[in-house]
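What follows is each chain in one-letter form.
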Amino acid sequence: MSVITIERKVLEKNEAVASHNRELLRRHGIFAINVVSSPGSGKTSLLERTIAAMKQNFRIAVVEGDVQTDLDARRIAAIGVPVVQIVTQGGCHLDAPLVKEALQSIPLAETQLLIIENVGNLVCPANYDLGEAMKVVVASTTEGDDKPLKYPAMFRNSLALIINKTDLIPYVACDLPLLRRNALSVNPSLRIFETSCTTGAGIEEWCGWLKEQLNRTV
Amino acid sequence: MHELSIAQNILDIIKDYRPSDRPSRIRTVHLQLGDQSGVVADSLTFCFKAVTEGTMFEGAELDIERIPFSIRCKECGATTSNEAGLFRCAACEGTEVDIVSGTELQVAAMEIVDEGAAT
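Same order as they appear, the protein sequences are chains W and X. Terminal number for the first sequence in the working numbering: 218, no gaps in between. Terminal number for the second sequence in the working numbering: 119, no gaps in between.
Check before you lean on any hint, since a few could be wrong.
According to the in silico footprint, chain W covers these stretches of chain X (three or more CB under 8 Å from chain W) [what the hints assert, rightly or not]:
#1 5-11
#2 87-98
#3 102-115
Estimated spans, in silico, between C-beta atoms of each pair [stated by the list, open to error]:
#4 Ser-189(W) - Arg-18(X): 43 to 51 Å
#5 Ile-99(X) - Gly-80(W): 38 to 46 Å
#6 Ala-52(W) - Met-56(X): 50 to 58 Å
#7 Glu-58(X) - Ile-4(W): 15 to 23 Å
One-sided excerpt, in silico: chain X residues whose CB lies under 8 Å from chain W [to be verified]:
#8 His-2
#9 Arg-27
#10 Gln-36
#11 Gly-38
#12 Phe-46
Calculated directly from the structure, the hints in this document are not laboratory data. Fair warning: this is a prediction, and the values are worked out from it, not measured in the lab. Glycine included, each C-beta is placed from N, C-alpha and C at the ideal position.
Turn these sequences into a full structure, and let the hints steer you where they fit.
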C-alpha cells in the first residue's frame, strides 16, 4: 500500500475562477457586490430601491440567481438595467463558474456597479467566492434577532448588513438592538444599515455608503 | 445542501493522483473538514459514495478528519475553541479575533493498494 499526499482545497477550482472574475471586473473598473440572505428577506426589493436611487449617476448591471423562474430578472429588467438570470435548477448557491458565464452577457465596458443577487440561503453561499468586492447580507426583522448567531459564517464574511423591513418592527418579535449586538459579536467591523423597502426609509443612507465604496475603487 | 457538488469536486481532485503506470485500487481518501466549514459529514459520505459509483474509485472509503473550530484573540492573545463557532474569546470575552482552524475543506491524502500484489 502507498499513501499519496494531496493537500488540495476542495473548492480550489471555484477560487481560481473567482480570481479570474475579480480580475476581469477590475480591468473594467467594475465594483461588484454579492447580496446574500435567507429567502424572502427582500433582496430583490432592495435591488429595485438601490437601482432607482443610483441609476442616474451610475451604470448598473445585475446578475440574478434563483433556484427556479426568471421572476426576479423580470422585475429588474422593468427598471431598465441590463440583467442576466442564472437558474441553478435546484442548486443552493451561485458559484464562480456560473457568474463567469453570466458575465459574458453583461455589457462590461458600460458597467460601473454590478449587483449579484445570490440564491436565498444563509448557509452555502458563504463558502463560494464569486469574485465580488464584498458580500452584503440582508436580514429582515421578520426573521427575528438571532440569525447572526445561527448562521455566523455569512455575517462574518460580509462587509455590510442591511436590516430590512424595519416598518414591521411594531408587529414582529425582533429586538433590533439585540440583532445589532448579535451581528457585531460575529463581525465587529460589520457596517449596519436599517431599511424598509416598502417605505424607502434608510435607502438614502445605504446608497450613500455604497457610492463612497464605488468611488473609492473605480 | 451542496455536499453533492463538494463530493464531485473531491472526485475531480483525486482523479489527478491515481497512478497511471500500474493497476491499483484506491482504498481510502483522507479529507480534513472543519467543524464550521458548512459541510455535513454524513451527507458528504453518502454523496461521495454516490459520485464514485461506477468509477475507478468505487468502494473507496472517505475518511473524514474533523477539525475543531478555534480562534485567536487579538486582545489577550489566547487561542480558544468552542463548538458553537462563536467569535468571542473564551478567556477574556474579546470579540476581535482571528479564525485559527475549523473552516478547512481539504483533500489531505489517499491510500492506494497495488492490484495483483501479494495480499
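Checked hints:
Residues of the segment 5-11 of chain X with a Cβ under 8 Å from some Cβ of chain W number 4, which satisfies the need for three, so the listed coverage holds. With 4 residues bearing a CB less than 8 Å from a CB of chain W, the segment 87-98 of chain X meets the requirement of three and the coverage assertion stands. Here the segment 102-115 of chain X counts 11 residues with a CB under 8 Å from a CB of chain W, which clears the bar of 3, and the coverage holds. Between Ser-189(W) and Arg-18(X) the Cβ separation comes to about 45 Å, which falls inside the hinted range of 43 to 51 Å.
Separation of Ile-99(X) from Gly-80(W) is about 42 Å and conforms to the stated range, judged on CB atoms against 38 to 46 Å. For Ala-52(W) paired with Met-56(X), a C-beta distance near 55 Å keeps the hint of 50 to 58 Å intact. Checked against the given bound of 15 to 23 Å, the beta carbons of Glu-58(X) and Ile-4(W), roughly 18 Å apart, stay inside it. For the restraint placing His-2(X) at the interface with chain W, the shortest Cβ-Cβ distance is roughly 5 Å, inside the 8 Å limit, so the hint holds.
Given hint, Arg-27(X) at the interface with chain W, holds; its Cβ is 7 Å from that chain's nearest Cβ, closer than 8 Å. With a cut of 8 Å, the hint placing Gln-36(X) at the interface with chain W holds, because the nearest CB-to-CB distance is about 7 Å. This hint holds: Gly-38(X) has a C-beta 5 Å from the nearest C-beta of chain W, less than the 8 Å allowed. Restraint check, Phe-46(X) versus chain W: the minimum CB separation of about 16 Å is more than 8 Å; hint violated.
In summary, the structure is inconsistent with hint 12 from the numbered list given earlier, while agreeing with all the others.
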